[in-house]
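**Q** Given the sequences, and given the hints that come with them, work out the whole structure.
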Amino acid sequence: MNAPSSRPLRRVLLSTLTTVGGVLLLLGLKPHVTTGAAGAVTQSAAPFPTPSASGTSPTGGSSSASGTRTVEGDTVQTRYGPVQLKITLRAGKISAVSAVQLPDQNPRDQEIDNFAVPQLTQEALAAQSANIDTVSGATYTSQGYIQSLQSALDKAGG
Amino acid sequence: MAAETRLRRVEPIMGTVFSFDVRGAGPRATAALEDATAWLHHMDEVFSTYRPDSQISRLAAGTLALSACSPDVWEVLRLCEAAERRSDGWFSARYAGAFDPTGLVKGWAVERAAAMLSSAGADAVCVNGGGDVQVHGGRWRIGVTDPLRKGGLVTVVQAEGELAVATSGPAERGCHIVDPHTGRPPAAPLASLTVICRTLTDADAYATAGYAMGDRARPWLESLPGTRSFAITADGAAWTTGEQR
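As given, the protein sequences belong to chains C and D, one line each in that order.
Numbered by our numbering, the letters in the first sequence go through residues 1 to 158 in order.
Numbered by our numbering, the letters in the second sequence go through residues 1 to 245 in order.
It should be emphasised that the hints constitute simulated quantities derived from the structure, not laboratory data.
By construction, the Cβ of each residue, glycine as well, lies at the ideal position given by its N, Cα and C atoms.
Check each hint, because a few of them may be wrong.
[Stated by the list, open to error] Quick partial rundown of chain D residues pointing at chain C, CB under 7 angstroms, derived from the structure:
| no. | residue |
| --- | --- |
| 1 | T5 |
| 2 | L7 |
| 3 | R8 |
| 4 | V10 |
| 5 | Q55 |
| 6 | C126 |
| 7 | G130 |
| 8 | W140 |
| 9 | R141 |
| 10 | I142 |
| 11 | V144 |
| 12 | V165 |
| 13 | T167 |
| 14 | G169 |
| 15 | T241 |
| 16 | G242 |
[As the list claims (entries may be wrong)] From the structure, some residues in chain C lie toward chain D, with a derived Cβ separation under 7 angstroms:
| no. | residue |
| --- | --- |
| 17 | G67 |
| 18 | T134 |
| 19 | T139 |
[What the hints assert, rightly or not] Taking CB as the label site, the calculated pair distances span:
| no. | chain 1 | residue 1 | chain 2 | residue 2 | range |
| --- | --- | --- | --- | --- | --- |
| 20 | D | D35 | C | Q143 | 23 to 31 angstroms |
| 21 | C | Q143 | D | A60 | 24 to 32 angstroms |
| 22 | C | R90 | D | D215 | 43 to 51 angstroms |
**A** Encoded structure:
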């Protein structure tokens, strides 16, 4: 159903998505956050473990007598700028996640943060895998699929 | 680990490629995946505007009565009319005269295929039809491609339960979506428009209509209940509509 002529509305396009570099940067956010948080939960008496990857600052935290504690995750460089999240722990469980630092260099970045960061925040709470499962984008043709990110994901999934 | 099966399938359908990802699939869901792909190929035959013998081609040519078409054609016709109404004519299956529901069929077909798998007992279902995604159950992370930087993502949608993500954008070769009022490409085109709502029939039609509207889509999208959208404009700016968490 996809030839280029008689198609008034939804003729096809196609994006050729070749590299996953940008993706990995975006996804790089989460492992740092969960590493810090999970470590804090399970080793409450010990210093917070320092993630071994490319975060730029060590984790830090504070606690109160009520059993509520906050943990600041590593600052992670994303394609939109540095991102740092703060996690609040209550009785050993994550009760809130907020952003300490967000990219704000230009209006586009802010707009994207408004959408993307709440999603990422929720992911931190859900402690899900850092990988994306699938990709939405402008419709690709069968040819375009071959070079698409979705194709790479399908292959990786076996 | 529970004895759960994860099924993945890649299938060329409707001029693009459909990707299936089914978690927690038992024997019924495994069979349903066969049924769903067979059904999709059948719908490709029924709705293809490139096959002169398809029901849709014969309907347009006047050689097949609507009453003789399959109930699937009736349903799609009804859905097209609803989408046209809700978009004030910005979504149209009647541009250039003949009835051509192509702009709606793929999203509808993906939605139906995902529902077939879900109702066959699969725990979590993700069906991606050429970049338009419907999920059922489980948690899914759906990346949205960056229209201005190949290989990049502009955001990630975390889906839980039933959710659809559809993205419209310009073709690499020429225009694919036109303003149905003028027959021309949108006056102020977006680089891409992503619509997120419960079902892919709606998300896909809204993304198509909104893309045709161009920059004017924003207030309309804001008025749609239960719908969020994410747009990248031609100059790389972004805007969103809908409830922000």
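**Q** All hints are to be evaluated individually against the structure, with a verdict given for each.
**A** Comparing the hints with the structure gives:
1. For T5 of chain D, the interface hint is violated, since its Cβ never comes within 7 angstroms of a Cβ in chain C; the closest pair sits about 13 angstroms apart.
2. The criterion of a C-beta within 7 angstroms of any C-beta in chain C is not met by L7 of chain D, whose closest approach is roughly 10 angstroms, and the hint is violated.
3. For R8 of chain D, the shortest C-beta to C-beta distance to chain C is roughly 5 angstroms, which falls under 7 angstroms, so the interface hint holds.
4. Below 7 angstroms, beta-carbon pairs count as interface contacts, and V10 of chain D has one with chain C at about 5 angstroms; its hint therefore holds.
5. Using the Cβ-Cβ criterion of 7 angstroms, the hint placing Q55 of chain D at the interface with chain C is not satisfied: the shortest such distance is roughly 13 angstroms.
6. Satisfaction of the interface hint for C126 of chain D is found here, the shortest Cβ-Cβ separation to chain C being roughly 5 angstroms, below the 7 angstroms cut-off.
7. Here the hint on G130 of chain D is kept, as its CB sits about 4 angstroms from the closest CB of chain C, short of 7 angstroms.
8. Taking 7 angstroms as the C-beta cut-off, the interface hint given for W140 of chain D holds, the closest approach to chain C being about 5 angstroms.
9. With 7 angstroms as the threshold, the beta carbon of R141 of chain D comes within range of chain C, its nearest partner Cβ sitting at about 4 angstroms, so the hint holds.
10. This hint holds: I142 of chain D has a C-beta 5 angstroms from the nearest C-beta of chain C, less than the 7 angstroms allowed.
11. Given the 7 angstroms rule on beta carbons, the hint for V144 of chain D holds: about 5 angstroms separates it from the nearest Cβ of chain C.
12. Taking 7 angstroms as the C-beta contact cut-off toward chain C, the hint placing V165 of chain D at the interface holds, the least distance being around 4 angstroms.
13. About 5 angstroms separates the beta-carbon of T167 of chain D from the nearest beta-carbon of chain C, less than 7 angstroms, and the hint is met.
14. At its closest, the beta carbon of G169 of chain D sits 3 angstroms from a beta carbon of chain C; the interface hint therefore holds under the 7 angstroms criterion.
15. Below 7 angstroms, beta-carbon pairs count as interface contacts, and T241 of chain D has none with chain C, the closest being about 10 angstroms; its hint is therefore violated.
16. Hint status for G242 of chain D: violated, given a least beta-carbon distance of 9 angstroms to chain C, over 7 angstroms.
17. Restraint check, G67 of chain C versus chain D: the minimum CB separation of about 27 angstroms is more than 7 angstroms; hint violated.
18. Hint status for T134 of chain C relative to chain D: holds, with the closest Cβ pair at about 5 angstroms, below 7 angstroms.
19. With a cut of 7 angstroms, the hint placing T139 of chain C at the interface with chain D holds, because the nearest CB-to-CB distance is about 4 angstroms.
20. In this structure, D35 of chain D and Q143 of chain C meet the distance hint of 23 to 31 angstroms, their C-beta atoms being roughly 28 angstroms apart.
21. The supplied range of 24 to 32 angstroms is met by Q143 of chain C and A60 of chain D, whose beta-carbon atoms lie about 27 angstroms from each other.
22. At roughly 45 angstroms, the beta carbons of R90 of chain C and D215 of chain D sit within the given window of 43 to 51 angstroms.
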